[in-house]
Amino acid sequence: MIPLKAGIKFRALWKGHENRIYQIRSVYKDYETKPHVHIKADLVDCPHEKQYSSGFWFTIYEDTLTDINNPENKIELLEIKGVQCTLFKNMKLLITCSGGKDSVAALLWMKNNGYKNADIVFCDTNWESDLTYSYIKYLEEKTGHKFIFLKSKKYDGLIDLAEKKGRFPSSQRRFCTSELKSIPMIDYILDEVRDDFIVVQGIRASESENRSKMESQCNYFKYYLEPIETNTSRLEKLEKYIDGLKSNIDHQLELFPDDEIEGSKDDKIIAIQEKIDHLKSRLAKGKEDPKYHTYRRKEVLAYCKKYATDVLRPVFRWTSQEVIDYALDCMIDVNPLYKMDMKI
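Be aware that the sequence shown starts at 1, since it is given in the UniProt record's numbering, and climbs by one per residue.
Read the hints as simulated data drawn from the structure, not as lab findings. Be aware that one or more of the hints could be misleading.
Claimed, not checked - Below, simulated DSSO-like cross-link-like pairs (lysine-lysine); rule was C-alpha separation at most 30 Å, straight line: (1) Lys246 to Lys280; (2) Lys153 to Lys181; (3) Lys164 to Lys142; (4) Lys164 to Lys280.
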């Protein structure tokens, strides 16, 4: 059997990565002496995606890898199909659970597929319904897992955040998610995890247009490595937003970034048109002005060089009804707020 080593390419067949070509960067375990193989690989068939797809940790699975070829794509290592492994065996699993149906389904999927040694994280905004807090206790009892509650170090919940920001968050102003959920999670990873990890998220593509553009697997710190926004992407958003304003198209209004403009509809149209003109002027000069996530940026980039930092969304292609049915099939009730026709 030809051993796996840096430079060897392989073709992936797992859902969401069908027929993508990867090149091995390093082998974490020796499959000749261990029952599993852990490799770090870079996407090579789509150069424009390589930057944020680099450094994934993959575990070779009997039914998910077909062949591995050398750099000239001539030698097929079909023997590798016989290798057994334990997915994520050497990685820290962090399952985020809000108490919503999607994150519960993701949690149950991981548990039912044998991945029981995980940290289950609940980002507490101090503004959840009492029913949700009770539901989290119910999940702890049913799953046998104690949830880890994370809170902002800067703000004492949503009310404190709104008072200091001078306004409440909305569908366009999503600073609540950043300050009360994303940042506490980043702090936890940098300060407590300090190891290879996979964050498991209950996110579905059909939830919104923005989420439909996500992937079922990517780098958790993706937007530290690639721009979250450029002048080209911002121009596209603003043009869709101004069309939405003129036509009252709700889903296009959701695309507008956090710093949306105050005022009447006409005031917004005028102000946004000025922004559009400015962006076109910058682009005419060849300026993209890329923006990245900046919170603890140096520490995050150093972490990415040392550890695997993946995110997995196991219910990404599921429908809303499928995640509900899955929980019920597992004898787990959904959050009672859904029975009141409320969103979580």
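Against the structure, the hints:
The straight-line distance between the Cα atoms of Lys246 and Lys280 is roughly 20 Å, inside the 30 Å bound, and the hint therefore holds. Distance restraint check for Lys153 and Lys181: the Cα-Cα separation of roughly 11 Å lies within the 30 Å cut-off, and the hinted pair is therefore satisfied. This hinted pair does not check out: Lys164 and Lys142 have alpha carbons roughly 38 Å apart, beyond 30 Å. Annotation: proposed proximity of Lys164 to Lys280 is violated, straight-line Cα distance about 34 Å (limit 30 Å).
Of the numbered hints listed earlier, those contradicted by the structure are 3, 4.
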